[in-house]
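Q: If you want the building blocks of each chain, they are given just below.
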Amino acid sequence: MKKWLSTDGFRNFISSCVAIAIGLVFGLIIIVFTNPSNALAGFLNLLVGPLEMGMMGIGRVLFYAIPIIMTGLSVGFAFKTGLFNIGTPGQFITGAFAAVYVGVHWTFLPAEIHWLVALLAAFIVGGLWAVVPGLMKAYFNVNEVISSIMMNYIGMYLVNYMVKLTVFDEMRSQSLPVATSAEIPKMGLDQIFRGSTLNAGIIIAILMVVLIYVILNKTKFGFEMKACGLNADAARYAGINEKKNIIMAMVIAGALAGLGGGLVYLSGSGKFISIVEVLAPEGFNGISVALLGLSNPIGIFFSGIFISYLTVGGNLMQQFGFIPEIVDIIISAIIYCSALSLMIKIFLNKRKANKKNKIKEVKE
Amino acid sequence: MELFYFIIQQTWMFVIPLMIVALAGLFSERSGVINIALEGIMLIGALFGVSYLHLFGDAFSPQLNLIIALIIAGVSGMLFSLLHAFASIHMKADQTISGTALNIFAPAFCVFFGRLILGTQQISFDNLFRIESVPILGDIPFIGPMFFQNTYITTFIGIAILFVSYVLLYKTKFGLRLRACGELPQAADSAGISVYKMRYAGVLISGLLAGLGGIILVVPTSTIFNATVAGYGFLALAVLIFGQWKPFKIFFAALFFGFMKTIAATSNAIPFLVALGIPSVVYKIVPYIATLIVLAFVSKNSAAPRAEGEPFDKGKR
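These protein sequence lines map, in sequence, to chains G and X.
Sequential numbering of the first sequence, starting at 46, is according to the numbering used here.
Sequential numbering of the second sequence, starting at 10, is according to the numbering used here.
Bound-form chain X, shown alone:
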């Protein structure tokens, strides 16, 4: 049972960042801009968030400090995504190319910033943020150990982001307009909506969430940031597609991917899986193969926003 709880607790640490970054992709793509730069934005968010923890790790109480780091990560991700927004919205650039440029820039910049400003490429921080057990809730049998023990505040922030995203996209005027810009921007334009503004909003929210996702991935799983987020930005793209561009489906997709990641990372320590004798590479590649299969089946009536990747052209019908 201990092992079971351990796996569940570990799973959250993969699921939450994956979900947040996939939601980041959701906002951008729903507004009509492909954001392949999620990986790069995660890196920038993690870089500045972790740098804050490295320099001012004991400025305030641990939880407050973590929240400040989260804000810094989100804002820096947002600023970085502005580059992508400018190129793909105002300059009508090819969105995949501009995203690729950001992805090349970010890891190099992380090394550069680390060496130059902090004097080390491997930015370390003290992990003081683990919550042994949430008061009262952590004592509930069965549910307590699964959800409220050995956890991080980021888990609950992530769940909150999920609900806020859903409400924002489906229950507000803003969300309706954003989605319209991703489906048929000319129609939105003729209804008096500024497509440019909505797309900027989409990409900036995307940057905010991806930056957050970057630090939320690094903090629980490591005590060092070494200019990498291990391809989670690209994995999040897969989660986004697996989740068919819908918030709650994205949550379940992230759950599946996160669970497979956990199994792959811990399969040597789980007696049941060791007995099965399946090499861990299988667990590693199953999420990707599953995504390919899902893609093949659903693409005929794809749920992808119809205008994604197309620069907005007012005169087009």
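Next comes chain G alone, as it looks inside the complex:
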């Protein structure tokens, strides 16, 4: 037990919890500041509101968690291989467009596989969108953060243009609804979680979590990629082709984010690509999810659900006159604190080292 308590994983978990606690306290302060008389009711609503709604609330939380788990996996996977994939908004939206395009136009496909092909298109296009930063990093040593940011804006403008050109609903200034055969099957999940629009997307997301976990921890391929992330020079010396690994890591990360886009826009519940010049927020949320989940696939799954829970709770708070943006403020505080967590960890390690030294001295 004691041994387990002193593992890195546990210490990371503790520092995440501390960050969450500080973020929530910060949120509470802001809520009190906004409207003291309703503060407690509002804050309770944020914390337990979705649960009070029963199965419907849980269904909603899971539904909103699907895209951010996917983008979180994307960022987290890249993190593990030493890359910061800030390009998720671009990969997400280009993937979404590919899914919608296939969903609207490829109706010649048999109904059973139409939605799968559309998802596959999202997966592939998202991956292709990340090839550019990957190639540039591998062959020109260009910082992937900067090139990904450029790709985000190129993706956003291009998707706006392509939507207008190919799948435009002029009445509503958004993309056309996809064919029913392209919608992700509900598999009875909307019956279990009555009142929500949950579909098989959550199962796909869970499968991806497991898949990434296995790739990272149980395969040679994953080991090589992690080695490149820890020390690219050492990896090269050990005979690992680090260029190939960088490109592959970016492509997989991009494909995950693209799939997330497909899962959202094929859900058949009122989500359409609208022509706005704003980067997809689901993409940036992925960064928060990955940071909070410590880039571990299992951790990302839970942090995705946690952030989704806060988002649903934040929407419920509106009935007490609070704005849902408070949730973003809380999340930013959590991220900021987890950026500081390195210091907390160093502090913990130092204390441990001091203890050991003292024991040594006594023995001597």
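Simulated from the structure, these hints should not be mistaken for laboratory data.
Being a predicted model, the structure only gives us computed values, none of them experimental.
Here a beta-carbon is modelled for each residue, glycine too, at the ideal position from N, C-alpha and C.
SDA-like mimics (lysine to any residue), calculated; alpha carbons at most 20 Å apart, straight line:
1. X:255 with X:317
2. X:255 with X:315
3. X:101 with G:339
4. G:209 with X:276
5. G:209 with X:283
6. G:288 with X:306
7. X:101 with X:315
8. G:209 with G:219
9. G:289 with G:268
10. G:209 with X:273
11. G:209 with X:292
The following residues of chain X were derived to be distant from chain G, with all beta-carbon distances above 12 Å:
12. 18
13. 66
14. 180
15. 192
16. 279
Example chain X residues on the side facing chain G (calculated, C-beta under 7 Å, incomplete):
17. 103
18. 117
19. 243
20. 308
Add chain X to chain G, keeping to what the hints say.
A: Below, chain X alone, put in the same frame as chain G:
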């Protein structure tokens, strides 16, 4: 000719804020701290500057009022950047993560502040600041309409900032020390320079300029601030790289980006471009593609400060 002058005058309104914010990034990165939070800091600067104009829009004469708003924007940007400085310098945090936190915080805070304090998310102000024609200079043929008509005082402040930045970075002891901290902080440290202090200075100047850039972007192009600066902070990062971390190159990079932005925004109204038939999306994405190409070509001998992004560790050699 009227159209030509109009395009030039419009271009300035994009170029100046882009340049100022890119210079903001320059100061931070030259001191060794990556500042991806430029977008967020711009928002905070614009928020407080515009809020002042919203509340006290007729307190003084328009130009004086604008200058007060600029000061408020700069100071609030500076204070906000203190968060980033503290995390990335003192706490040795990952600078990209801390910047991301600021970027998530700022737009949410703008909505929050607007709704709570001012009662509206869309903060409006009266734009009384346009200068029809600068006395004497505006009457010069050709040059007058291009530079001194339908302009804002912010344009000239921006040009002044460019020159001051150059002198500060390259002609003073402070600038030399700042740059040393971004290249090889251990060497600077052994020469008796406090790396912490210089990096704080770099990030705070960065916050000041980014805050200024925020309001300078909003004032000439709109009469409403709605919790967005439309990605200009990220575009400024591209300008910074395109300009290879050098003040005057940054100016020309901003000129190019600003010109492309103007063309993209007005291409429907320019007969010559309508005849060409190129969709406006092309003008919108060209700056980003150009940046990618430049990145690919120059990265082998990159001009980026060598120690940027690395927390300073005294014991490291």
